[in-house]
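Residue-level listing of the chains:
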Amino acid sequence: MIYLDYAATAPLRPQAQKALEELLAEPLGNPSSLHRAGQRARNLLNRSRLEVAEAFSVAPDEVIFTSGGTESIDLALKGVTLAASGQPCHIVTTASEHHAVLETARFLEGRGVSVTYLPVDREGRLSPQQLQEALRPETVLVSVQWVNNETGTVQPIAELGEVAHAAGALFHTDAVQAVGHFPIDLSRTPIDLLSFSAHKFGGPKGVGALLKKRQVRLVPTLNGGKQERRQRAGTENVAGIVATAKALQAALQTSAEETERVAQLREVLCRILEQQSVGFRVNGSADTLPHILNLTFFGINAESLLIALDLAGIAASAGAACSAGAIEPSHVLRAMGMPKEEINASIRVSLGYATTRSEIKRAAYQMVASIQQLKESKSTSVEIDA
Amino acid sequence: MKRTRVVVAMSGGVDSSVAAARLVEQGYEVIGIHMRLWSSEEEREGNGCCSIGAAEDCRRICEILGIPFYVVNYRDTFVDKVVRYFEEEYLAGRTPNPCIMCNRTMKYDALLRQARALDATYLATGHYARVVRDPDSGKFHLLEAHDRAKDQSYVLYHLDQEQLAHTLFPIGEFASKAEVRAFAAAHGLPVAHKPDSQEICFVPKQGYRAFLHAQLGERIQPGEIVDTAGHTVGTHRGIVDYTVGQRKGIGVSIDGEPAYVVDLDAQHHRVIVGDRQSVLTTGVETGPVHWIDRSRVAEPLRVRCRVRYHAPWVVGTVSLRSDESAFVSFDTPAQSVTPGQAIVFYDGEQVLGGGTIVRRQAAA
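So the protein sequences, as listed, match chains W and V.
Okay, so the first sequence: first residue is 1 according to my numbering, each after it adds one.
Okay, so the second sequence: first residue is 1001 according to my numbering, each after it adds one.
So here's chain W without its partners, still in its complex pose (with noise of 0.2 Å):
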């Protein structure tokens, strides 16, 4: 199988696979026990809070283990709402985000928390002006994705930290699909708080992290222990949590050269569908992250050609599932005015560490294989007298 399908999940990285393996075969304690096996699992999660940390340039205690994004958003979303409660509340975000967040922000909006959902333009950005004319006294926080997970589309997050912060609000990433891909600077960026998953960049399923600046103040939404400085109850994934950590180092020690190779993979992968001439777009803006690429193939049924290239061998997604796992169509297409047919013709292909060049090669000519199958099958397809 040729797996592209990175933005739903990473294959787990050689390094996380290593330190789980070794992890779970030893009998750890719990980091909150006073025994020497307690103290041996509470050693290894602070040593590996530092390296999230110093990955970030923030403060150990400015690290949240959390069981992944969703969490993570959720915690940043609600944590600060609820801290702001008593007042006017309003947060104000975009209508191409992750579920996780537009699905937070519906929670919240049926509790009185009034919302801005901000439109984005053709390339699914956001600018600056249109947040600026969004704000309000009373808007507590502001979250943007900084890279979209369905098209790759990457955010002005600097410049949207800054006007959210000169209004007075907290500014709140999700940064799902960009931790891991490039470095990023929390001591020189205007963002209080970043969810990140650890999956999504080589480490396990069911660990992420939200990042929080010290000086925000949350209230949990998980309650119990005294875990996580009292911000997120419940006892700490060890294991997953220093994979996490293995992962992430191993990412970012060769994200730029990664960007690279992937960059021009994407090009192979291009120039092969143009040189076929099969009819495509690729959607999302100039400074895409390369990872992600999203193809409209017109006249094309996106849920036909990805059931065919998966019985090819080639795994590759489009928009999100519903719970039986059917496709649903794309909001994030949809916020970016894609009319629905084109969204209907819309695949995303994600590429990641273990890509390889004669994988994208083999995968390319079976797409046009496959987009030709389909196009021929249309022009003799049935027809009934309905």
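Hints listed in this document are in silico derivations from the structure and should not be mistaken for laboratory results.
There's no promise every hint is true.
Said to hold, decoys possible - In the DSSO-like style, the derived pairs of lysine-lysine whose C-alpha atoms are separated by at most 30 Å in a straight line are:
1. 18/W with 205/W
2. 361/W with 1002/V
3. 1139/V with 1002/V
4. 226/W with 78/W
5. 1002/V with 1081/V
6. 205/W with 226/W
7. 1081/V with 375/W
8. 375/W with 1205/V
9. 1194/V with 1177/V
10. 1150/V with 1248/V
11. 1139/V with 375/W
12. 1081/V with 340/W
13. 205/W with 78/W
14. 1177/V with 1150/V
15. 1177/V with 1139/V
Unchecked claim - Stretches of chain V that chain W covers, calculated by requiring three or more beta carbons in the stretch to come under 8 Å of a beta carbon on chain W:
16. 1026–1038
17. 1064–1072
18. 1107–1117
Every value quoted in this text rests on a predicted model; they were computed, and no experiment measured them.
C-beta atoms are modelled at their ideal positions from N, C-alpha and C, and glycine is treated no differently.
Starting from the structure of chain W, add chain V where the hints point.
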């Protein structure tokens, strides 16, 4: 040698699961597809045929069979083509058959196209019916299933030659449902004892009337119940609550005898009731008739008919009209003949074709 590729429409039930298993056994390259058609509160409870539970049952069966499986999203098309039709027919005073419409527009149009696009030669379903090719004419014929009690050829009468050429009904070859279940058990399929599915997949437990009222709201208007002479004998909450031939739940009687619904007047929101005699039907006018193999049609055409799914056989004579519609006159008056339902013509076990009942001719 490249194996023949077949897409199996899977519902998660025992019939389509066995259909898939049977085809795998016969050496086909089988792909399981579950159509996601409807979403409502119901699916969260895991009931209706499009529930998450159903998709996961299919997934498990396909894993056991070692075949690929996909859930495809036809929700918008289904609402458009089947649910809207269902609602509009009731509003118009007719009694629709949504399963026929689903077969026509979803399985044998949308899904068959998709199967062909995926390079499959055949679309297979778990229907109780059979397809055979006449060796002399080369034409495809649709036959009743061996298990006559389970036969579903009625809801497939609209299939044409092109569709039949690309259709497989592995279940129709089984002698009985018990054999289908035994096959499932023998092959370790965990759906062997799953109960048979309910009548209309998108209608919740509360029944179709509650569904229609919830969906249509104020488009349903109350009105009068009148007898065949035009006298008002009662009132109702909407004609969608009634079906021609219905006796129960009308709440009125005629000369001390139970009243039957004999007609629905959508224009004046009236339910017309009469005595037992007035629901007997001596013949029907149909809409355009679909013939599976036109060359088999010679007039006068003597047929046995079904006037609804599994209704008792009625024998009659079909007279074709120039506009493709027909008049069917019955040898003996029939009960439960309802506009909106299909009338399907058989010659022995073979389906000749059929059409939608437009009007019925009362005995009186």
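Structure-based check of all given hints:
Restraint check for residue 18/W and residue 205/W: the C-alpha separation of about 15 Å stays at or below 30 Å, so the hint holds. Between residue 361/W and residue 1002/V the alpha-carbon distance is near 25 Å, which keeps this suggested pair within the 30 Å criterion. With a CA separation close to 26 Å, the supplied pair residue 1139/V and residue 1002/V stays within the 30 Å bound. Restraint check for residue 226/W and residue 78/W: satisfied, since their Cα atoms lie roughly 19 Å apart, inside the 30 Å limit.
Straight-line distance between C-alpha atoms of residue 1002/V and residue 1081/V comes to about 36 Å, which puts the hinted pair past the 30 Å bound. Proximity of residue 205/W to residue 226/W is assessed by CA-CA distance (about 24 Å); at most 30 Å being required, the pair is judged to hold. Restraint check: the Cα-Cα separation between residue 1081/V and residue 375/W comes to about 25 Å, which is no more than 30 Å; the hinted pair holds. Under the criterion of a C-alpha separation no larger than 30 Å, the hint pairing residue 375/W with residue 1205/V is inconsistent with the structure, at around 42 Å.
With a CA separation close to 12 Å, the supplied pair residue 1194/V and residue 1177/V stays within the 30 Å bound. Between the alpha carbons of residue 1150/V and residue 1248/V the distance comes to roughly 27 Å, so the proposed pair stays at or under 30 Å and holds. Pair hint residue 1139/V plus residue 375/W holds up; C-alpha atoms about 28 Å apart against a cutoff of 30 Å. A distance of roughly 18 Å separates the Cα atoms of residue 1081/V and residue 340/W; the hinted pair therefore holds under the 30 Å criterion.
Pair hint residue 205/W plus residue 78/W holds up; C-alpha atoms about 23 Å apart against a cutoff of 30 Å. Taken as a hint, the residue 1177/V and residue 1150/V pair is honoured in the structure, with Cα atoms around 7 Å apart against an allowance of 30 Å. For the hint linking residue 1177/V to residue 1139/V, the alpha-carbon distance of about 28 Å falls within 30 Å, and the restraint holds. For the region 1026–1038 of chain V, the proposed coverage by chain W is satisfied: 3 residues have a C-beta within less than 8 Å of a C-beta in that chain, meeting the threshold of three.
With a cut-off of 8 Å between beta carbons, the region 1064–1072 of chain V has 4 residues touching chain W; three or more are needed, and the interface restraint holds. With 7 residues bearing a CB less than 8 Å from a CB of chain W, the region 1107–1117 of chain V meets the requirement of three and the coverage assertion stands.
When each numbered hint is compared with the structure, violations occur for hints 5 and 8.
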